[in-house]
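Peer 1: Sequences listed follow chains A and B, in order.
Taken in order, the first sequence gives residues 1 to 572; the numbers are from full-length UniProt numbering.
Taken in order, the second sequence gives residues 1 to 572; the numbers are from full-length UniProt numbering.
Please keep in mind that the hints were generated in silico from the structure rather than gathered at the bench.
Be aware that one or more of the hints could be misleading.
Since copy identity is lost for identical chains, a pair holds within one copy or between any two.
Calculated lysine to aspartate or glutamate pairs in the EDC-like style (CA-CA distance at most 16 Å, straight line) [what the hints assert, rightly or not]:
| hint | residue 1 | residue 2 |
| --- | --- | --- |
| 1 | K34 | D438 |
| 2 | K117 | D170 |
| 3 | K37 | D437 |
| 4 | K312 | D347 |
| 5 | K86 | E100 |
| 6 | K452 | E42 |
| 7 | K284 | E372 |
| 8 | K424 | E372 |
| 9 | K73 | D505 |
| 10 | K147 | D378 |
| 11 | K86 | E367 |
| 12 | K394 | D169 |
| 13 | K86 | E368 |
| 14 | K41 | E510 |
| 15 | K312 | D566 |
| 16 | K25 | E432 |
| 17 | K185 | E314 |
| 18 | K424 | E279 |
| 19 | K394 | E407 |
| 20 | K531 | E191 |
| 21 | K37 | D224 |
| 22 | K73 | E161 |
| 23 | K568 | E314 |
2 protein chains.
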Amino acid sequence: MADQTTPDVNLVDKTEDLVLDTEGKPISKKALKKLEKEREKEAKKAERAAKEAAERAAREASNVDYSTDRYGKLPMNQSQQRTGLKRERITDINASRTSEIVLVRARVHNSRPTGAKMCFFVFRQGVATIQGLVQADPNNISKNMIKFAVDIPLESIVLVEAVVAKPVDDVKSCTVSDAELSIQKIHVISEALGRLPFSLEDASRPEAEFGKVEDAQFSRVNLDTRLNNRVVDLRVGYSIWRIPVLISQIHLCHHILSQTNANHAIFKIQSGVCQLFREYLIGKDFMEIHSPKIIGAASEGGANVFRVRYFKGEAYLAQSPQFYKQMSVAADFDRVFEIGSVFRAEDSNTHRHMTEFIGLDMEMAFEEHYYEVLDVLDELFVSIFTGLKQRFSKEIEAVRRQYPFEEFEFLPKTLRLQYAEGIKMLREAGVEIGDYDDFNTEQERRLGRLVKEKYHTDFYMLDKFPLSVRPFYTMPDPTNPNYSNSYDFFMRGEEVLSGAQRVHDPAFLEERARAHGIDLATIQPYIDSFKHAAPPHAGGGIGLERVIMLYLNLGNIRKTSLFPRDPKRLEP
Amino acid sequence: MADQTTPDVNLVDKTEDLVLDTEGKPISKKALKKLEKEREKEAKKAERAAKEAAERAAREASNVDYSTDRYGKLPMNQSQQRTGLKRERITDINASRTSEIVLVRARVHNSRPTGAKMCFFVFRQGVATIQGLVQADPNNISKNMIKFAVDIPLESIVLVEAVVAKPVDDVKSCTVSDAELSIQKIHVISEALGRLPFSLEDASRPEAEFGKVEDAQFSRVNLDTRLNNRVVDLRVGYSIWRIPVLISQIHLCHHILSQTNANHAIFKIQSGVCQLFREYLIGKDFMEIHSPKIIGAASEGGANVFRVRYFKGEAYLAQSPQFYKQMSVAADFDRVFEIGSVFRAEDSNTHRHMTEFIGLDMEMAFEEHYYEVLDVLDELFVSIFTGLKQRFSKEIEAVRRQYPFEEFEFLPKTLRLQYAEGIKMLREAGVEIGDYDDFNTEQERRLGRLVKEKYHTDFYMLDKFPLSVRPFYTMPDPTNPNYSNSYDFFMRGEEVLSGAQRVHDPAFLEERARAHGIDLATIQPYIDSFKHAAPPHAGGGIGLERVIMLYLNLGNIRKTSLFPRDPKRLEP
């Protein structure tokens, strides 16, 4: 700057005493003094620069590292200090902040050295990514620093101090495309150890790619391997499947197909379903309850129940909050819901069974007819489906990119099909089935396809199941005792809700339990809770993970459980 | 009406052909015809009335019941029909609707016959009550109907058709005081059988009353009796403790001290705490998760863990979501919370221990210092306490009426006390305790009282616990290794939250586990989840029922659990 403001003077004219400026005019003494001062300044500056250059040359020659305060491994964070210096969210960085110095904690998502003097990074925070660049220079950033940066294992968590810069071209490989980080300092907060259990790229490749012949060389990461290493899997479900793209001479980048982590998205959607479920029901005067999971007697017949050693005795894990939500209605809570764990000791190794899952349960007293409850459940589901589309479209899109699926179709007022109609549709399609037979999985799916063809919906209710295939507490149909006031809801041909009007009369409940061969002693507290009168009531239980699996058509329920449990999996 | 409009005529004057009116003027032929018609009408009416009176007399004499379509037991509701006739909420009935005919489903909360011709009722829906009155008359309501109504067992659920009427005096015994139901029809939907397990009055008497000498004759319903009959207890925690009050000659009523059900209120407040917890954390970018409750290895040392028979092997019930919420942070979920069941196989039979309760858990990555997490927890609690006061003051009042308690005091910014300061305060109060000793329950309470005196708060945080009294995954203090970066929160001198910065470095975590004598093999998946780097993080777990118990000062945690579980209670 000084160079530009100093007048261009011919400082001393030897032939005369007068000092002239470039235009030949004499310069005043005062101005002369000023000029001399400036000259001194410049001389000093030049001297300093020369000294620095010499030092630099010496440093480079002697291999002394002049960047040691700019990189390294930090001591384990034990909350040693709180500087309060702002650390940025990657999502808050963009071109408008060019030249700002920022501090960012992030994972090393990817790094790529180009020669010994430069290294590109992709830094990640949750689902957001930004490009970083560290470049050796003679003043600040040593080759040692570059080497250190290059060697940071992927997935390590680092603290980066950087200047926000505008990249030569848009960074298509990152969620932040109009800015990059010119790294000034890089310190490791938490180092990743050892090899990753699988290649992030393999784990993140869209399913659709496996169908293509030319991609036959791709290896698919087996679901078991993923689940065995679930913590890494949840991170790298990240859709970073990349196509190498030459953006400029030095920018060989990877084009990311999706910019959001499909696994994170699945669990965001799951959390969203719970929120929508609660919002709707609280708006309808339902109250949240929490019922016990350890129960004194194997209810509902005793099959498929886990046994627990309970001090010196024995107990069981609840297969559902069924009894307790009914008892809450009998206690005049009127309308209740619960979101909680349910346990099933079924040795079923299928795509849709887990031994532990989350039940979204509701139960309510009604005035005249259990269709009042079906109306509430109808609106509930429609409000969940609508809410998902409205609030989670980004997440749905992220999942779709990795696991492509057809849009979930539903009607504004849900189709209610009678069981007998379902049987008829199946028979017309050539399926042999008796009037009061239960559907098997294949028949359910078949019916789902027939319904979809005829009514253009992936969601419907099947009402009036045969009494014989339902639990003892199910209310029989008033006109045909072979049927019952019970229903299942289906998404893409698979059951997601089972419910019914319940028997609220204790004498009749005992009769029905006896007819099912249930030892009354085991369910006495349940039956007794209706003795001081209970209102007619109905309800249903939704399998949370099934709703997510079927809405997103993921094909395996384990993908929708953070740490799934099945007969063969208890870890991690 | 006809009587008033018919002119008062002297119909036939025998002495003349002319028919004269009462003023002696002749009547025209047309008017005469009209008069004759009216006379015929009246004659017929008189005949009808005479006939009806005769029939009535005959009915009454012969005991024929003329009200059979107005009362009775309805067949069990199997959803036979859906008339869609509107059924009223008691809360929607008031004086402005006088003369309207309404249909109401409600419980018979109380009934009181006065002679054979009249019966007063209190009908109840949830926490709302209204007075009803059925009175025999010669036309519609027979003495048989009165007898039927009087005999309906308390707590039965009935369907009442009634005319809304204005009571002689305000009905102080009901939540609706300016209207009553003049019963036209009464049918039993669901009949209560047998005696109630305890007197509703005894169960609903405010605790304060027991202290008075003159009330020594009151019998208090034992908590165990209540819990054994929890469904009725939850209903009649209803504060209907009544003082007989003579309102008018025929209105001997009972003055209700509180108009809301204390037990319902407790669970409304509980549901409110969950909602406030979620609202605050979702607003701070936390995500709801669900972690498994069946785990493959007895984590955290193996003590106090319930064992489960898992097919041919063995499993355990999770003592907390601790490991899984940390693993979610390691999976880059960054900020998570969970509301779920936790299980403790502790044989502790105290006022504050249960074997199963609801944990409100949170965990988050932080940038520099675990105080970032304490700040979030501080705001979280203050927002819960503030929200309770704002949204649930009616419920809090209802509980206070039955179980009187001092208002819960808290500061806008929560007091943070260091453990060492706590020790000092106790010592100054004469308690003998070592620097690194754990507090026992009495010491905790004592400290609570000291804090309350000095800082005027029922809620505070105790930070920097001795390392030796905390779990192996607790991060040691960076300056004094005898302390740790861990904290408990206290309400009225009892612990409601326990939390800490966790060890995120896998090598150090192994070292700490070994120091605690833990078999590394049992926690390998947990340790492994930090191998691919985890950010520094901290969190805490709140006992939902303890928060409710201490906020309302209920003295026993069982009162805050719908169906509590302790070493001796597995039912109902």
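Peer 1: Would you mind marking each hint as holding or not holding in the structure?
Peer 2: Going through the hints against the structure:
1. Taking the shortest alpha-carbon separations for K34 and D438, neither the intra-copy value of 103 Å nor the inter-copy value of 75 Å comes in at or below 16 Å.
2. When the C-alpha separation of K117 and D170 is checked against a cutoff of 16 Å, the pair qualifies neither within a copy, at 23 Å, nor between copies, at 90 Å.
3. Neither within a single protomer nor between protomers do K37 and D437 lie at most 16 Å apart by alpha-carbon distance, with minima of 105 Å and 71 Å respectively.
4. Taking the shortest alpha-carbon separations for K312 and D347, only the inter-copy value of 11 Å comes in at or below 16 Å, while the best intra-copy value is 27 Å.
5. Taking the shortest Cα distances, K86 and E100 sit within 16 Å of each other inside one copy (13 Å), while across copies they are farther apart (66 Å).
6. In this assembly of identical chains, the alpha carbons of K452 and E42 never lie at most 16 Å apart, being 84 Å within a copy and 69 Å across copies at closest.
7. In this homomeric assembly, K284 and E372 come within 16 Å of each other (Cα to Cα) only inside a single copy, at 13 Å, whereas the closest approach across copies is 37 Å.
8. In this assembly of identical chains, K424 and E372 lie within 16 Å of each other by CA distance neither inside one copy nor across copies; the values are 26 Å within and 63 Å between.
9. In this assembly of identical chains, K73 and D505 lie within 16 Å of each other by CA distance solely across copies; the values are 13 Å between and 70 Å within a copy.
10. Proximity of K147 to D378 under the C-alpha cut-off of 16 Å is found in neither arrangement, the shortest distances being 61 Å within a copy and 43 Å between copies.
11. In the homo-oligomer, the alpha carbons of K86 and E367 lie at most 16 Å apart only across protomers (9 Å), although the nearest pairing inside one protomer, at 58 Å, exceeds that limit.
12. In this assembly of identical chains, K394 and D169 lie within 16 Å of each other by CA distance neither inside one copy nor across copies; the values are 25 Å within and 62 Å between.
13. Taking the shortest Cα distances, K86 and E368 sit within 16 Å of each other only across copies (10 Å), while inside one copy they are farther apart (61 Å).
14. With identical chains, the CA atoms of K41 and E510 are never at most 16 Å apart, being 104 Å at best within one copy and 61 Å at best between copies.
15. Proximity of K312 to D566 under the C-alpha cut-off of 16 Å is restricted to the inter-copy arrangement: shortest distance 13 Å between copies versus 28 Å within a copy.
16. Proximity of K25 and E432 under a CA criterion of 16 Å is satisfied in neither setting, with 115 Å inside one chain copy and 94 Å between copies.
17. In this assembly of identical chains, K185 and E314 lie within 16 Å of each other by CA distance neither inside one copy nor across copies; the values are 60 Å within and 51 Å between.
18. In the homo-oligomer, the alpha carbons of K424 and E279 never lie at most 16 Å apart, since the shortest distance is 38 Å inside one protomer and 48 Å across protomers.
19. Taking identical chains as interchangeable, the C-alpha atoms of K394 and E407 lie at most 16 Å apart only when both belong to the same chain, with a minimum of 14 Å there against 46 Å between chains.
20. In this assembly of identical chains, K531 and E191 lie within 16 Å of each other by CA distance solely across copies; the values are 8 Å between and 63 Å within a copy.
21. Proximity of K37 to D224 under the C-alpha cut-off of 16 Å is found in neither arrangement, the shortest distances being 77 Å within a copy and 96 Å between copies.
22. For the homomeric pair K73 and E161, the shortest alpha-carbon distance inside one copy (14 Å) is at most 16 Å, but the shortest distance between copies (79 Å) is not.
23. In the homo-oligomer, the alpha carbons of K568 and E314 lie at most 16 Å apart only across protomers (12 Å), although the nearest pairing inside one protomer, at 24 Å, exceeds that limit.
Figure legend: structure checked against the earlier numbered hints; hints not met, in rising order: 1, 2, 3, 6, 8, 10, 12, 14, 16, 17, 18, 21.
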